[in-house]
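*Asks:* Same order as they appear, the protein sequences are chains S and R.
Residues in the first sequence are numbered consecutively from 39, following our numbering.
Residues in the second sequence are numbered consecutively from 39, following our numbering.
Quick caveat, the hints were computed from the structure, so don't treat them as lab data.
Ideal placement from N, C-alpha and C gives every residue a C-beta, glycine not left out.
There could be a bad hint or two in this list.
[To be verified] Just some of the chain S residues that point at chain R, by a computed CB distance under 7 Å:
| no. | residue |
| --- | --- |
| 1 | M183 |
| 2 | P187 |
| 3 | L252 |
| 4 | S339 |
There are 2 protein chains.
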Amino acid sequence: MRIAIDAMGGDHAPQAQVESVLAAAAEWPDVHLVLVGDPDAIRPYLGSGIPDNVSIEPASEVIGSDDEPVRAVRRKADSSMVVAGRMVKEGRADAMISCGNTGALMATGLLVVGRMQGIERPGLAAIFPTLDNKGLLALDMGANMDAKPEHLLQYALMGSMYRSKVHGIAKPRVGLLNVGTEAAKGNEVTKAAYALLENAPVHFVGNVEARDVLEGVCDVIICDGFSGNILLKAIEGAAQSIFKLLREELTSSFVSKLAAGALKPSFRRVRTRMDYNEYNGAPLLGINGLVVKGHGSSNASAMKTAIRQTRTAISNKLIASLADEFSGK
Amino acid sequence: MRIAIDAMGGDHAPQAQVESVLAAAAEWPDVHLVLVGDPDAIRPYLGSGIPDNVSIEPASEVIGSDDEPVRAVRRKADSSMVVAGRMVKEGRADAMISCGNTGALMATGLLVVGRMQGIERPGLAAIFPTLDNKGLLALDMGANMDAKPEHLLQYALMGSMYRSKVHGIAKPRVGLLNVGTEAAKGNEVTKAAYALLENAPVHFVGNVEARDVLEGVCDVIICDGFSGNILLKAIEGAAQSIFKLLREELTSSFVSKLAAGALKPSFRRVRTRMDYNEYNGAPLLGINGLVVKGHGSSNASAMKTAIRQTRTAISNKLIASLADEFSGK
Numbered sequence: 039m040r041i042a043i044d045a046m047g048g049d050h051a052p053q054a055q056v057e058s059v060l061a062a063a064a065e066w067p068d069v070h071l072v073l074v075g076d077p078d079a080i081r082p083y084l085g086s087g088i089p090d091n092v093s094i095e096p097a098s099e100v101i102g103s104d105d106e107p108v109r110a111v112r113r114k115a116d117s118s119m120v121v122a123g124r125m126v127k128e129g130r131a132d133a134m135i136s137c138g139n140t141g142a143l144m145a146t147g148l149l150v151v152g153r154m155q156g157i158e159r160p161g162l163a164a165i166f167p168t169l170d171n172k173g174l175l176a177l178d179m180g181a182n183m184d185a186k187p188e189h190l191l192q193y194a195l196m197g198s199m200y201r202s203k204v205h206g207i208a209k210p211r212v213g214l215l216n217v218g219t220e221a222a223k224g225n226e227v228t229k230a231a232y233a234l235l236e237n238a239p240v241h242f243v244g245n246v247e248a249r250d251v252l253e254g255v256c257d258v259i260i261c262d263g264f265s266g267n268i269l270l271k272a273i274e275g276a277a278q279s280i281f282k283l284l285r286e287e288l289t290s291s292f293v294s295k296l297a298a299g300a301l302k303p304s305f306r307r308v309r310t311r312m313d314y315n316e317y318n319g320a321p322l323l324g325i326n327g328l329v330v331k332g333h334g335s336s337n338a339s340a341m342k343t344a345i346r347q348t349r350t351a352i353s354n355k356l357i358a359s360l361a362d363e364f365s366g367k
Numbered sequence: 039m040r041i042a043i044d045a046m047g048g049d050h051a052p053q054a055q056v057e058s059v060l061a062a063a064a065e066w067p068d069v070h071l072v073l074v075g076d077p078d079a080i081r082p083y084l085g086s087g088i089p090d091n092v093s094i095e096p097a098s099e100v101i102g103s104d105d106e107p108v109r110a111v112r113r114k115a116d117s118s119m120v121v122a123g124r125m126v127k128e129g130r131a132d133a134m135i136s137c138g139n140t141g142a143l144m145a146t147g148l149l150v151v152g153r154m155q156g157i158e159r160p161g162l163a164a165i166f167p168t169l170d171n172k173g174l175l176a177l178d179m180g181a182n183m184d185a186k187p188e189h190l191l192q193y194a195l196m197g198s199m200y201r202s203k204v205h206g207i208a209k210p211r212v213g214l215l216n217v218g219t220e221a222a223k224g225n226e227v228t229k230a231a232y233a234l235l236e237n238a239p240v241h242f243v244g245n246v247e248a249r250d251v252l253e254g255v256c257d258v259i260i261c262d263g264f265s266g267n268i269l270l271k272a273i274e275g276a277a278q279s280i281f282k283l284l285r286e287e288l289t290s291s292f293v294s295k296l297a298a299g300a301l302k303p304s305f306r307r308v309r310t311r312m313d314y315n316e317y318n319g320a321p322l323l324g325i326n327g328l329v330v331k332g333h334g335s336s337n338a339s340a341m342k343t344a345i346r347q348t349r350t351a352i353s354n355k356l357i358a359s360l361a362d363e364f365s366g367k
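Next up, chain S with everything else stripped away, as it sits in the complex (with noise of 0.2 Å):
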């Protein structure tokens, strides 16, 4: 199998892209690593020799952070991004991961890509951390903002097979992200949605609330894309001020400082637990090839697991089945 790397997109590239290659190619000898970019930027962190399983495609241009997505993809035909979405819709390479500007991602996937048949708006996940550490599969981020009920049964069905087919979870609990979980609680489109996802061949356990997200309720958690922007982003912001608020507060005397310090481990333990790079590779699902999204801030080691989850994917034929799934739908 290949896998599309956007060397060039991301806070650490392509220091960290080039580093999580080379430990990938090192311990998965069947996955073919494809690091797309600038070689000159690329070659200096490959180091003296390059592996076999690892190869260069050249990419003379780059969609930065800042860049207005579909405009960038567009005029941007030979930015690493879009080579990496060409190679997967032309059949030479199984897959691709970036950790460059999401939304120009979507539009790699919707324009270069292409949507799968039978879906009508591709769906952006995340992986939450949960207290079970089991991870929850959120979707949609952010891809679709103004989704119908419709939209979501169709989330609620990739996002069920994604978990079962990458995650190897039998029969995974899918939840819908509500005010309530009362059945009659929630807007027009929650309303709608509960009573097809009710009649859904999928494990559905109702409308979970916000605050119980991160409990382990469910596998998979269902909502439009604004929503889901919100809750993603509220959580990140939320665990953000409160690790501010403790460093404030501990560092604020001798003795308080000293604790702290012994304390050192624990906290890294925790913040790690709450780290979105542990549970990196989030797919862009409905697209007709696997297109996944990084964290910008993801690390070499982040970067891995991206790749771990992809190779699980292909493996496990995801994008086959779903196109079995949704054809002639």
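Given chain S, work out where chain R should sit, using these hints.
*Replies:* Chain R alone, transformed into the frame defined by chain S:
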């Protein structure tokens, strides 16, 4: 001025309610506080002598947290919440405060007290703790699930006036909860609301992302009731999960237990700063009278905070100012 207190609503009712009323009556002799509820349940906490500026208004029923809101308000005409609402409606109280069933309180506002002229949909506000300790007024937190852009505009006007009248902020900064800061971001509702807010007589500071809500970037944040509920509960849930993880980690070894013991006051301060009770008293805005929601888990000190804010709102003629603003529109 007279404030009606629903003595029977909330996790610590009627004890927290009675204790806070006694403390408030001693501190603010200009306020007459009416405890609404079952006299036999209230009296044991009143002690020997009842102050001159405290009285009891008997109510024989209680609306529970599991009661269906609209039905409960219609059927339980002699419940403490409905009786308090009727006192506001009839001018026998200038405001009411309840820590009971949120949905029922919204129904009491609409059905018993009544909607303010010119307001299409009332909005439930909440006060978020922020890193700069100034707090943030956020609305709507769930009164109106399918908000229109015009509703968001009214929330902005009402929230802005609340911050200026009750919290003394001269020119409150109003933000629109959205998925990105650029004007073109968001769903159909926020895009249309953005255009309305740009031309409104408020100090509009643009879109605000969920991750920045606690950073103190604005004084009022506006959103539809669905997203607002997701935002509020996501932050609550994230805080809860982080403190749960910290507790687990910090009690995992003898050394960490010892060090954590020394840091207890620091942890307590952080929890307090993240605690919604410190900013208790969220108004239901757009009602023809002052209806204030206290957190369900309010203790006596949190209830007293709610009474203080309500007193300020009455002194500064919040309701009359809102009525002036919206009548004739």
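*Asks:* Now look at each hint and say whether the structure bears it out.
*Replies:* Hints versus structure:
1. Evaluation of the M183(S) hint against chain R yields a held restraint, the C-beta minimum of about 4 Å falling below 7 Å.
2. Here the hint on P187(S) is broken, as its CB sits about 13 Å from the closest CB of chain R, past 7 Å.
3. Restraint check, L252(S) versus chain R: the minimum CB separation of about 4 Å is within 7 Å; hint holds.
4. The interface hint given for S339(S) is broken, as the beta carbon of that residue sits about 21 Å from the closest beta carbon of chain R, more than 7 Å.
Of the numbered hints stated above, those contradicted by the structure are hints 2, 4, listed in ascending order.
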